[in-house]
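Engineer: If you follow the hints, you should be able to join the two separate chains into one complex; please do so.
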Amino acid sequence: MNSLILSVGARFLTALFLLFSLFVLLRGHNSPGGGFIGGLIGAAGFVLYSFAAGVEAARQALRVDPRAIGVWGMAIAVLSGLASALASLDPFTGLWLILADLALSTVLVFDIGVYLAVFGAILTLVFALEETL
Amino acid sequence: MSWVLALPIMIPFVTAVLAFLLRRSRMGDLASVGGSVASLVAAVVLIAEVLDQGVIAGQIGGWQAPFGITLVADHLSAAMVLITAIIGLSVAVWSLAEIGPTSARFGYHALFQSLLGGVTGAFLTGDLFNLYVWFEVLLISSFGLLVIGGRKSAIDGAVKYVTLNLIATVLFLAGAGLLYGATGTLNMADLRGAVAASPDQGLMTLIAMMLMVAFGMKAAVFPLFFWLPASYHTPHYAVSAVFAGLLTKVGVYALLRVFTLIFVGDLGYTHEILLWVSLLTMLTGVLGAAAQSDFRKILSFHIISQIGYMVLGLALMTPLAVMGAVFYLLHHIIVKTNLFLIAGVSQRLTGSSDLYAIGGLYRTAPLLAALFIIPAFSLAGFPPLSGFWAKFVIVRASLDLGEWLVAGVALLVGLLTIFSMTKIWAEAFWKAHPDGRQPALADLPRSARWQMMVPIIALAVMTVLIGAFPSAFLEFATKGAEQLLDPAAYVAAVLGEARR
Chain A
209 MNSLILSVGA
219 RFLTALFLLF
229 SLFVLLRGHN
239 SPGGGFIGGL
249 IGAAGFVLYS
259 FAAGVEAARQ
269 ALRVDPRAIG
279 VWGMAIAVLS
289 GLASALASLD
299 PFTGLWLILA
309 DLALSTVLVF
319 DIGVYLAVFG
329 AILTLVFALE
339 ETL
Chain B
19 MSWVLALPIM
29 IPFVTAVLAF
39 LLRRSRMGDL
49 ASVGGSVASL
59 VAAVVLIAEV
69 LDQGVIAGQI
79 GGWQAPFGIT
89 LVADHLSAAM
99 VLITAIIGLS
109 VAVWSLAEIG
119 PTSARFGYHA
129 LFQSLLGGVT
139 GAFLTGDLFN
149 LYVWFEVLLI
159 SSFGLLVIGG
169 RKSAIDGAVK
179 YVTLNLIATV
189 LFLAGAGLLY
199 GATGTLNMAD
209 LRGAVAASPD
219 QGLMTLIAMM
229 LMVAFGMKAA
239 VFPLFFWLPA
249 SYHTPHYAVS
259 AVFAGLLTKV
269 GVYALLRVFT
279 LIFVGDLGYT
289 HEILLWVSLL
299 TMLTGVLGAA
309 AQSDFRKILS
319 FHIISQIGYM
329 VLGLALMTPL
339 AVMGAVFYLL
349 HHIIVKTNLF
359 LIAGVSQRLT
369 GSSDLYAIGG
379 LYRTAPLLAA
389 LFIIPAFSLA
399 GFPPLSGFWA
409 KFVIVRASLD
419 LGEWLVAGVA
429 LLVGLLTIFS
439 MTKIWAEAFW
449 KAHPDGRQPA
459 LADLPRSARW
469 QMMVPIIALA
479 VMTVLIGAFP
489 SAFLEFATKG
499 AEQLLDPAAY
509 VAAVLGEARR
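These protein sequence lines are chains A and B, in that order.
For my numbering, add 208 to where a residue sits in the first sequence, where the first one is 1.
For my numbering, add 18 to where a residue sits in the second sequence, where the first one is 1.
Quick caveat, the hints were computed from the structure, so don't treat them as lab data.
It cannot be assumed that every hint is accurate.
[Claimed, not checked] List of simulated lysine to aspartate or glutamate pairs, DMTMM-like, C-alpha gap at most 20 Å: (1) K170/B with E338/A; (2) K178/B with E338/A; (3) K315/B with E445/B; (4) K170/B with E339/A; (5) K178/B with E339/A; (6) K441/B with D284/B; (7) K178/B with E154/B.
This is chain B alone, in the form it adopts within the complex (with noise of 0.2 Å):
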């Protein structure tokens, strides 16, 4: 049972350690291609195992919960981890086209599957002490990332956000040390009870609150945010592709993990907060979005008010809403993912980013047009796509608490959104190129044009699927708003397993 539970994390790193090895040659690209399929399989193997039998578990170096570190994976982890390893795929093969030798030399296929392990390490981990290692682990990869570009620029974001993140991480490391010292465990399974046991609530919610700080900061909700648009736009795109769509979502995660799992004994503080920020995250982000001109500033902005509906779904903590914003995460990583690689197609083929300075895509290369309304509209919730179950589910849930005026908010949020969207397609794709150049997809190199256009394909193609048969998408989230709301058989798998 470990083995099936620490594999997608470990073949990330040998993956990485070839890559580096190989980084001279042709071969080291492959190995981080060859990696992302084996980590793939593993996270199938993983998902069909949880399918099979519920939670599962598994304890690293023999030692029981909960003293040692204990691996889980429930519905929400085992979609997660698959779900990062699509997206590992889709953009080391998309990579092939943009990172040039320079970047390979410098380490950059080692840095991306390290960054894909720790992503996938905090997705699996069921200790508080190990999230904050892998937390350091994405730190420390991302910010290799970040600089890898060399330009001047990039440095000045990935230290903004280095300098964020590590207030944050260091106010993680703060609370959990309190916790540890109030409680005597760390293990999340162990903690739910020690934490409602414990005579002391007030120094649980001022952790709580610590905690919510720190995950906040890293999935960039108001008013911790601020980071995001200064550095995500700075790097290559298929960094940033990878970044939009997993690391804010590793926070989005930590807080849905630990606001149902642990910090629950004081809904009435805790989620009441939560409620404010996701809708004041929904509005600062997509009112941001639309006062920038840089297609990757867009974006990156857009993904501040998405981040807000998961964290609504979460602060609404009923069944409907908690499943609201588990399809709503894993419809918005395919997306916002694929929308980044677009954006990086159309960099490449215009010559700029800079909204004003490009245009034409819509004439000279009908197929990326097509491409890109099938992620943008599904972002801005349009039926039939993705994005529209993904907020119907949230609205209602709203609407059924009598919540009217949240469900108002994410409303005009999704309107503002299609404002965003209607902004990028009549400037890039619409209007004519400025400089009457005439972008063409036959302009690209033909491998290059294969590497780039084939996984945004296939992302496209699952934002369709999921659009069009939502039902088996939102029964499964539906079962892992089940295991977050109740975790009896999450904790009953963690210290059940260690008696065994």
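For reference, chain A alone in the conformation it holds in the complex (with noise of 0.2 Å):
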């Protein structure tokens, strides 16, 4: 697509996007957001960008394979279940780590994960439609 507007806002709005959905998955655990909806919004930011500048560059900002990163983020929310096994508690159970004033937990993890699959997911699908149609 030939629009200068889009091609010059994309840049920013691509930024944007992904500041944005690292917001909204942080914000998501006592809040409206999580994993789903901010990769969702990463995406977004990376689809508008591959319509601005084109499929290739767009790959090549992302630098790794989306479907590599759909896969890691499959492979961080399951291990993230699992891991409530060693406590011997339900699947999915949070287990959480209190550093003073910071709160960790497997639940973050699994956001996280879950934020990584949809990015991944949804990029590979966008991708490869507009390389083949």
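Structural biologist: Below, the structure written as structure tokens:
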């Protein structure tokens, strides 16, 4: 697509989309948000970039094969669910590590996994479609 | 308890990750087969547990029902999980012969395993929103599998498939949202009470209809079936086999679950519609098949007509009819997958799936011909194969209700099914190959021969066994139907465990 407005705007918007997607991801624990919607927003950023600059440029900007991102996301999500087996709890039970003011949990790890899985899956599909159609 | 329920879902996803990481080597194929074996073991453990204890429920993350996500297995769910694992293993082995390195590198095995994980999740979840999530998992992985062939026609079919399925999932999501707004819960066991107690029964029926359209589209019932014949004949045979066996059945399962557990307040309205839908589905499917001349297209239309029988069992809503629906569901998955696998071998041997361009299989590949007869006649309802008992129970149930028209249509559709199966038989097997080709199983490389024929033989043996010893399976289906029609045990397993 040859639109100056789009190609200039996309550079800023992609960065904004990515930043916002991380914000939504981290906010998701106690408020609306989370990995799924975060991953969608992040993917939307790259989809916009691919419209403006072409799929090849978007793939280069991403650096990593989106399929690999998706699969690693799935691996992280499943492993975070398996972790509770070590504490002999129900699957996907959250395990917490409290460091002074910082509370880390397997729940966050799960959400990051979902973020990556959705991000990778959507980009795989969209890039593939743009390339074949 | 929760782990018994969660592992059948988690194993396919772990397998998917392994298969993807190993996709460049032969190890990826083996990971897929190994993971399918592990899934089968997990499914057997699950069904043993269910047979031993009745309905079992587990809470994900330790969040109690109705707040967290519940996994539930009753007879129907456990049997569906087991059959998914059986189909998964069969097709995973069969894929070894069909899926070349290009598709494998693209991530075929990973997508295939995610699909199986999604199907299993849909069968085990006890939460309506979670069911939606599994539908999305199914949609994404099946889209990947559809386009993996990479041809133009595959993209065309896939886009139709995805667009229509997206409409279905959006309707489903909207219905689930309305339901949550009206009752404040999405836990299916909890919804049973909440929907019955709702002051606004009109809204409940409206939501029921939204879900019926959504699940109906997934199940490919009349008039929402047209995406199925448009997309099922384009991908790899292994892909269409697993789609034919499992994907539409997720829709049927969802209908069975939701319209016995949750929406039973206005049977005269919802189930009357289901009844007419099922009759039209049976007829249009079988008539559509009669007009086709492509092996896979005929089989695709027959999926539709067979779905009609299952929905009919649900629509009649008597213990015998629901039992028939459950039995039909289980028998059909095995038979249909097998027919697609046989179509795949036939294409490989004769070079085409166009019935007018192939032939000669009976003379030169008699084993394949014999193996075709079993699922084909079972599909048409010949005694003593499994399909006979499935049809017998459904027809009997409609006669018990005095529904002569319904019974007549069911029998007529059975006859027309024989017509299509005979057509395949006459064209692909009986007549000589138009190019004078002599298709024989010996043409296949030795390893491919084993990988393709062993799953087909195993599934055919299952069909024969179900037909020869129907009482055990009918008894199991009866128990499943009892649990569906009187979900007290289901509700108690989900909500009772919350209080413990």
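Engineer: With reference to the structure, classify each hint as holding or not holding.
Structural biologist: Now the hints, each set against the structure:
1. K170/B with E338/A: holds, 13 Å
2. K178/B with E338/A: Holds, at roughly 16 Å.
3. K315/B with E445/B: Holds, at roughly 14 Å.
4. K170/B with E339/A: holds, 12 Å
5. K178/B with E339/A: Answer holds: K178/B to E339/A is near 18 Å, not above 20 Å.
6. K441/B with D284/B: With Cα atoms ~43 Å apart, K441/B and D284/B exceed 20 Å; violated.
7. K178/B with E154/B: Distance ~16 Å between K178/B and E154/B Cα, so the pair holds.
Consistency note: the structure conflicts with earlier hint 6 alone.
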